[in-house]
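This is what each chain is made of:
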Amino acid sequence: MTTKDMAKITINLVVIYVLGGLLLAFVYAKTSPIMFVKAKEEKEAALKTMMPEADKIEHLGDWEPHHKHAGYYAAKKGDEEIGYIVEGFGKGYSSYINLLVSVDKNFTVQKINVLHHAETPGLGDEIEKDYFQKQFAGKTLDTLVVIKGDTPDKIQAISGATISSRAVTEDGVKNGVKMLMEKLSGGQEKKEEGGHGVKEGEIEEHKEGHGETEGKENEHGSHS
Amino acid sequence: MDFNKLFQLIVAASLINNFVFTRFLGLCIFFGVTKKMETSVGMSITFTAVMVISAALNWVIYKFIMVPMDITFLKIIVFIGVIAALVQSADTIMKKLSPALYYKLGIYLALITTNCIILAVPLINSGENYNFFESMAFGVGSGLGFALALIIMASIREKLELADIPAPFRGLPISFIVAGLIALAFTGFSGLITL
Amino acid sequence: MATEAKTHPLVVSVSPHVRDEESIARIMWTVNFALLPAFLMSVYYFGPRAVYVTGLCILTAFLSEHIYQKALNKKITSNDGSAVLTGLLLGMNLPSSVPFYIPIVGSFVAVVITKMLFGGLGYNIFNPALIGRAFLLLTWPKLMTIWVEPTAKFIALDAKTTATPLGILKEEGVARLMEVFGDKMSLYSSLLMGNRAGSLGETSAIALLIGAAFLLYKKYITWHIPLSFIGTAAVIAWLFGGKEGFLTGDPIAHILSGGMILGAFFMATDYVTCPTIRKGQIIFGIGCGAITMLIRLKGGFPEGVMFAILLMNCFAPLIDRNVAPKQFGAVKKKEEKK
Amino acid sequence: MAHTHKTNWELIKNGMFSENTIFKMAISLCPSIAVTNSLKNGFFMGVSVIFVQTMVNLTVSLIRNFINPKIRIPIFMMVIAGYVSLIDMSMAAFARPVYKQIGLYIQLIVAFASIFARAEVFAVKNKIIPSIADGLGMGIGFFLAMIVISFFRELLGKGALWGFPIVQGNPLLIMVLPAGGFFAVGLLMGFFNWLDARMAAKREAAAAIETA
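In the order they appear, the protein sequences are chains P, S, X and R.
Residues 408 to 631, numbered by this note's numbering, are exactly what the first sequence covers, in order.
Residues 0 to 194, numbered by this note's numbering, are exactly what the second sequence covers, in order.
Residues 121 to 458, numbered by this note's numbering, are exactly what the third sequence covers, in order.
Residues 43 to 254, numbered by this note's numbering, are exactly what the fourth sequence covers, in order.
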């Protein structure tokens, strides 16, 4: 191979790669802001549906259930705090169940919403269903207990999926509410320093995993 | 370093989320080379080795070059480039150092570059934010899982050679059905580890 | 196995079991017969539904094989007892409460996809009845896990649903299990007799053991797989099964509950899908036992026998390949297995 | 030079049927199971592949005189990876719900044997229009396979299509699980083989009558 050939090949490669790189950089510059905005909007919309009567949702702080990153928020109507929303994780049958819980000012559960999970199709994945989630309205720490069979005031387990039902109820939701109570009760009038000035526009963006492939990094589940 | 977690990652990647049976990657190779046991074994060894080395190499490049420079959007191009370069140099080195080994495994190297399973490992590692040792563990687990799948499949297909399979199902279709049945059996591992 | 001589003009013998078709039929019908005590116990405990579910399974299995062979102009072998055995085993692996389409779909998958597509009896890689059951478990997980309390009344009108002993153990722990059954001895006797929730044919350990003893006596099965299977499971259950730590497990409860007896004697020993060499069979049995206990103690499912046998079915050709004797003479020796 | 003598329409048809990537060539198989558990996922995957396949063929054909044969492989790879990155980023921005489910497999289009192979055996040797036709045909063939498989899987496994419920009752859930994916592809492949054999037999019979 002569020097001339070498030079030609090199130029060839460099030109293509530089062109391609530039093109991609251009596309990236155009699409990535949209992606971030959309992701943020999604998150806000998800929080909003947890407490539809609120007109503002404020980020109060973060906590780490199962060594995963999750946030908690205050829902406000005008200047008045009408409730709180917390993101939680429950250790389920084959995945960590990511969910949102909204509570009123007395820490009574209003609503829950399962965001992501990989529980067994046909059994555990019924935690997504309304009939299961509706049971949570009006529950408090004492009544967040899973019962097999009919129950008027507790949570009835999905038949054949007790582990997933428990993960949602006694791990995800209960621990979320507990954490909120510890952090917030008694101090409701106080302005949270950490949360001050953090408006919804600054809600932190979570890095999206790849769908159902695997959960986010976590320590081994030493919890029972 | 948390050995328990690394062990879980290996088990999860090889058995529970087996690349072939639950993630459906590497299917072309899986169906392509399992006609013979010998090729399957060769492929398994080569793949596992390349997978682990490429996981390590790509992790370093991603962490120390791409993230600081904020060019993670080029990761597909960079990863595939690194793998191609790795395979090419492995080819050259092997030819020089151990012609016998090259004679045995060299032909599989050429097939590796355009294989999704090799590329998937660094992509998943970066997507999951694994640290260096976790990335290595994931690479090892994935490689072992793929090797297991190849070897099981090869032994079953050898047995099927003599079977009176209806003509339209001979070859690939029956192999897909075998893979489905193996996937059915592998479901038994689900729930072993919560990820 | 011997059918290959008929279907292939060119005879390539893969297996050491060269038999004529008559002996295949005799073996198959004998195994069916050996399952009779367990079937009768299931009728005693679960009533007419046991007959209904098992009957549907057998009928569908038989018809699927018959129609398939007719349609493809193959030699009709549907009355050699193997289709009936598949149907019977599948029926014994189902809960009594399933709707009619479950036995039908399960038998169809078992016979057509697992056996006929591979060229019929002798070529299937997996145990057909177990594939049928695994398919059903993943397809209708809820319907397949509704267990009915045995009533021991012939007509049970008010069938109550309940959990299987292994289900209770998995989800609520050993204390609750004792609460349900009283004490250890009454737990054992319930498990032994079959007075507990579970699949139709797996509940009565004693009836299964009678059938198994008959098969062992007739030398249609050997001790290798059942013993290594149950032995391994027992050791693991004893070592790791206990709540209080090492060596506190209860191996007897683990052996008698779930489908271990049925699986170890009647399904793992299926001579088509297990290794042909004795040493291979022992490895196969150990693998089955180990995976069963891994799933029971650590996995997501309460019962692991089905998955364990299916997983070891995957490995059977590999085991055969690696422990196969070198001299041809050893292969020729007529080995009685089932 | 291996210029093609086929018309553009023949090229498209060739990719769609007689050289269908999934059912005939049996390459690029991973997504045939991974993303076909719903019609929507299958559709987006198919469209992405049509785009990448066509654009790669177009680009390679366009720069074929500029490429030095010695370095054609890294250049093909760059072109393919470029278009894949492009569609990957666009989907991440504009089709987020789908992207969350099939993102990894979109990125792995890079390693598709069919795309690389068409650049290597066809586009680099042919003019632009036939190259586009070839890419389009291959892409559409892949797309059709995705649609057929995901149609059956979603209908049987969920009783729904594109997320809308069609049939009530207890569907065959296994069809949307891993094992069911393998079964679906295996059974469809067997069915198409049977169909092919039948059609060939018919043609032969017809030819025999004509000559007689």
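Calculated directly from the structure, the hints in this document are not laboratory data.
The structure presented is a predicted model; accordingly, all values stated were derived computationally and were not measured.
A hint or two may mislead.
Restricting the straight-line Cα-Cα distance to at most 27 Å, the calculated cross-link-like pairs of lysine-lysine (DSSO-like) are [to be verified]:
#1 X/Lys-190 to P/Lys-555
#2 P/Lys-498 to P/Lys-518
#3 S/Lys-158 to X/Lys-304
#4 P/Lys-498 to S/Lys-4
#5 P/Lys-445 to P/Lys-484
Among the chain P residues that face chain S by a calculated CB cut under 7 Å, a handful are [to be verified]:
#6 Phe-433
#7 Lys-498
#8 Ser-501
#9 Phe-514
Note that CB positions come from ideal geometry on N, CA and C, so glycine has one too.
Structure-based check of each hint:
no.: 1; hint: X/Lys-190 to P/Lys-555; in the structure: 50 Å, violated
no.: 2; hint: P/Lys-498 to P/Lys-518; in the structure: 20 Å, holds
no.: 3; hint: S/Lys-158 to X/Lys-304; in the structure: 47 Å, violated
no.: 4; hint: P/Lys-498 to S/Lys-4; in the structure: 16 Å, holds
no.: 5; hint: P/Lys-445 to P/Lys-484; in the structure: 24 Å, holds
no.: 6; hint: Phe-433; in the structure: 11 Å, violated
no.: 7; hint: Lys-498; in the structure: 5 Å, holds
no.: 8; hint: Ser-501; in the structure: 5 Å, holds
no.: 9; hint: Phe-514; in the structure: 28 Å, violated
The structure fails to meet hints 1, 3, 6, 9 from the earlier list, while all remaining hints are met.
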